[in-house]
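Peer 1: Chain by chain, the residues run as shown.
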Amino acid sequence: MDRIVTLSERKATEARRRCDAVHDLRSALAAYAREHGGRFLLFGSAARGDMRFDSDVDILVDFPADALGDAWNFAERACWDRHLEPDVIARSWCKADFLAHVEPEIEVIQ
Amino acid sequence: MSDARWIEIDKAIASAVGNFERGVEFAHHRNFQTDDVIGSALRMGFMHAIQAGHTSLENALLRVLGLLGEAGPSGDSWHADLIGRVAQALAGRPAILLPDLAAAADETRRFRNRAARAYDNFDPTKVTPTIDAADELARRLPSAIAAFRQAIDPPP
Numbered sequence: 000m001d002r003i004v005t006l007s008e009r010k011a012t013e014a015r016r017r018c019d020a021v022h023d024l025r026s027a028l029a030a031y032a033r034e035h036g037g038r039f040l041l042f043g044s045a046a047r048g049d050m051r052f053d054s055d056v057d058i059l060v061d062f063p064a065d066a067l068g069d070a071w072n073f074a075e076r077a078c079w080d081r082h083l084e085p086d087v088i089a090r091s092w093c094k095a096d097f098l099a100h101v102e103p104e105i106e107v108i109q
Numbered sequence: 000m001s002d003a004r005w006i007e008i009d010k011a012i013a014s015a016v017g018n019f020e021r022g023v024e025f026a027h028h029r030n031f032q033t034d035d036v037i038g039s040a041l042r043m044g045f046m047h048a049i050q051a052g053h054t055s056l057e058n059a060l061l062r063v064l065g066l067l068g069e070a071g072p073s074g075d076s077w078h079a080d081l082i083g084r085v086a087q088a089l090a091g092r093p094a095i096l097l098p099d100l101a102a103a104a105d106e107t108r109r110f111r112n113r114a115a116r117a118y119d120n121f122d123p124t125k126v127t128p129t130i131d132a133a134d135e136l137a138r139r140l141p142s143a144i145a146a147f148r149q150a151i152d153p154p155p
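Which chain is which? The protein sequence lines are R and E, in order.
Going left to right, the first sequence walks through residues 0 to 109 as numbering that gives the first Met the number 0 numbers them.
Going left to right, the second sequence walks through residues 0 to 155 as numbering that gives the first Met the number 0 numbers them.
I should point out that these hints are in silico values taken from the structure, not numbers from a laboratory.
We treat Cβ as the ideally placed atom computed from N, Cα and C, and that holds for glycine.
Any given hint could be a false lead.
Facing chain R, a subset of chain E residues (Cβ under 7 Å, in silico) [to be verified]:
{"no.": "1", "residue": "ASP75"}
{"no.": "2", "residue": "SER76"}
{"no.": "3", "residue": "ARG109"}
{"no.": "4", "residue": "ASP122"}
These stretches of chain R come out as covered by chain E in the derived footprint (C-beta under 8 Å, 3 or more residues) [what the hints assert, rightly or not]:
{"no.": "5", "region": "71-78"}
{"no.": "6", "region": "93-102"}
Sequences are here, hints too, so could you generate the full structure?
Peer 2: In structure tokens:
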């Protein structure tokens, strides 16, 4: 029998893969943001660089109203293309207390 | 004779329309933004109605694809891909939803995804595009599906 790959090894591998995928995701989001005049705000474990094997990618979309839907779709698709699970929300939809809570760890991508 | 499966499709569309209409009604209620229990109930009702409306719409669209013998989209992005698919004319069939109606459906999809994940970090009173999209879908879905039916399954 081949060497058994334990669950903890599998989880560690997947967590590393997700971190690497987010590194690649940043470039794609930045290019889109520059081209379309907005920004993406990464927060949570993806921004901190401590993703788990099952972590999703928290993204605030901060674009003008007429470009918001397309930017949201782009962020989702960019995650799915990299086998990441997106958790996207428009910054303009957020409550002030939620924004204040995540503000310290926000990574601006533009 | 027309295919009997239109009965379930029409039911799903009626459910979508009813839920979208109710969601819009909640959003336009004078207490929608108040901090009391009525305002809270209206906002919760709005979120639930839009989610239910979009789920019924997806149900209808998947049934239409089934009617055509088209496999539904799969994978993590299937909800978004479904909207893209029905907005496209493919060989042998026109688009099921015209681009502007598909854009409205994509808006309610995004809202449902958001509302299903967290109720507490966003303010439903700020989601004007979703309210407008739900209103658009409620008014135009039945005629859009009827037009598609007329094209794909005309009466003999």
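Peer 1: So, for every hint listed, does it hold in this structure?
Peer 2: Each hint tested on the structure:
no. : hint   : result
1   : ASP75  : holds, 5 Å
2   : SER76  : holds, 4 Å
3   : ARG109 : holds, 6 Å
4   : ASP122 : holds, 5 Å
5   : 71-78  : holds (count 4)
6   : 93-102 : holds (count 3)
When each numbered hint is compared with the structure, no violation occurs for any of them.
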